[in-house]
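Asks: Sequence:
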Amino acid sequence: MAKQYDVLFRLLLLGDSGVGKTCLLCRFTDNEFHPSHISTIGVDFKMKTLMIDGIKVRIQIWDTAGQERYQTITKQYYRRAQGIFLVYDITSERSFQHIMKWASDVDEYAPDKVQKILIGNKSDEEHKRQVATEQGTKVSGGYFMQYYATLSAFSQRSYPYCLQINGGKNGRTRKNLLFSLPLTLCMCFQLN
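In this text, residue positions in the sequence shown follow the UniProt record's numbering: the first is 1, and each later residue adds one.
If you are wondering where the hints come from, they were derived from the structure by calculation, not from laboratory data. Just so you know, these numbers come straight off a predicted model, no measurement behind them. The beta carbon of each residue, even a glycine, is placed where N, CA and C say it ideally should be. There may be inaccurate statements among the hints.
[What the hints assert, rightly or not] With a straight-line Cα cutoff of 27 Å, these simulated DSSO-like cross-link-like pairs (lysine-lysine) come out:
| hint | residue 1 | residue 2 |
| --- | --- | --- |
| 1 | K56 | K46 |
| 2 | K128 | K113 |
| 3 | K56 | K101 |
| 4 | K101 | K113 |
| 5 | K48 | K75 |
[As the list claims (entries may be wrong)] Cβ pair distances, simulated, as ranges:
| hint | residue 1 | residue 2 | range |
| --- | --- | --- | --- |
| 6 | Q130 | M51 | 34 to 42 Å |
| 7 | H127 | R58 | 35 to 43 Å |
| 8 | K3 | T137 | 20 to 28 Å |
| 9 | D44 | Q97 | 19 to 27 Å |
| 10 | I55 | R94 | 37 to 45 Å |
| 11 | D112 | Y5 | 24 to 32 Å |
| 12 | K138 | T29 | 29 to 37 Å |
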């Protein structure tokens with residue numbers, strides 16, 4: 001059976017329960033938004049395959065449960081991720097405070113070169129904001145992450161995404177793949 005893709009890229013969504021990880025995932029993979037969603041139990045995933053410059057890229061996104069009782073299970077997925085999104089809800093100071101714990105876990109369990117992005121989600125609820133943009137920027141800098149604010153509910157805008165793929169026998173060939181997707185965040189990851 002022929003391979004259905006040229007490159008597999010694994011992303012992991014981390015953050016407290018209820019911050020909108022599953023909504024971001026559904027917006028990315030299916031371009032849908034479900035305002036009332038049941039909390040993820042354990043781990044779930046979705047895939048999206050894109051043709052970029054003649055290369056078929058399969059993006060596999062793992063959606064993890066944010067409840068503490070599932071965190072032992074989700075840590076097993078850190079090792080295989082090329083990119084990790086740490087998500088908090090801008091209307092929840094508590095979810096933001098927990099980002100430091102999530103980031104520490106990533107530093108402990110994920111590969112050294114894993115690329116990380118901090119996402120302040122639910123920016124459409126500005127009137128309920130409890131976490132200032134400056135706070136997100138400061139924390140992202142402390143953990144060497146990029147920072148973006150996004151909303152999964154109404155976003156139809158496209159933002160540039162960049163995947164850098166190392167290929168060839170010794171990984172000497174490097175190809176940058178640029179594309180756009182309907183999510184209000186920018187992603188730049190490197191595939192080895």
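Asks: Each hint needs a verdict: does it hold in this structure or not?
Replies: How the hints compare with the structure:
In summary, the hint linking K56 to K46 is supported, as the alpha carbons are separated by about 16 Å, within the 27 Å threshold. The suggested pairing of K128 with K113 is violated, with an alpha-carbon distance near 35 Å, which exceeds 27 Å. For the proposed pair K56 and K101, the alpha carbon gap of about 35 Å is over 27 Å, so the pair is violated. The straight-line distance between the Cα atoms of K101 and K113 is roughly 19 Å, inside the 27 Å bound, and the hint therefore holds.
For the given pair, K48 sits about 23 Å from K75 by alpha-carbon distance, which is consistent with the 27 Å threshold. A hinted range of 34 to 42 Å holds for the C-beta pair Q130 and M51, which are about 41 Å apart. For H127 and R58, the hinted distance range of 35 to 43 Å is satisfied, since their beta carbons lie about 39 Å from each other. Here the CB-CB span from K3 to T137 is close to 41 Å, at odds with the stated 20 to 28 Å.
The supplied range of 19 to 27 Å is met by D44 and Q97, whose beta-carbon atoms lie about 25 Å from each other. For I55 and R94, the Cβ-Cβ distance of about 41 Å falls inside the hinted range of 37 to 45 Å, so the restraint holds. Distance hint check: the CB atoms of D112 and Y5 are about 26 Å apart, consistent with the given range 24 to 32 Å. Checked against the hint of 29 to 37 Å, the C-beta distance between K138 and T29 comes to roughly 31 Å, which is consistent with it.
Violated hints for the displayed structure, listed by number in ascending order: 2, 3, 8.
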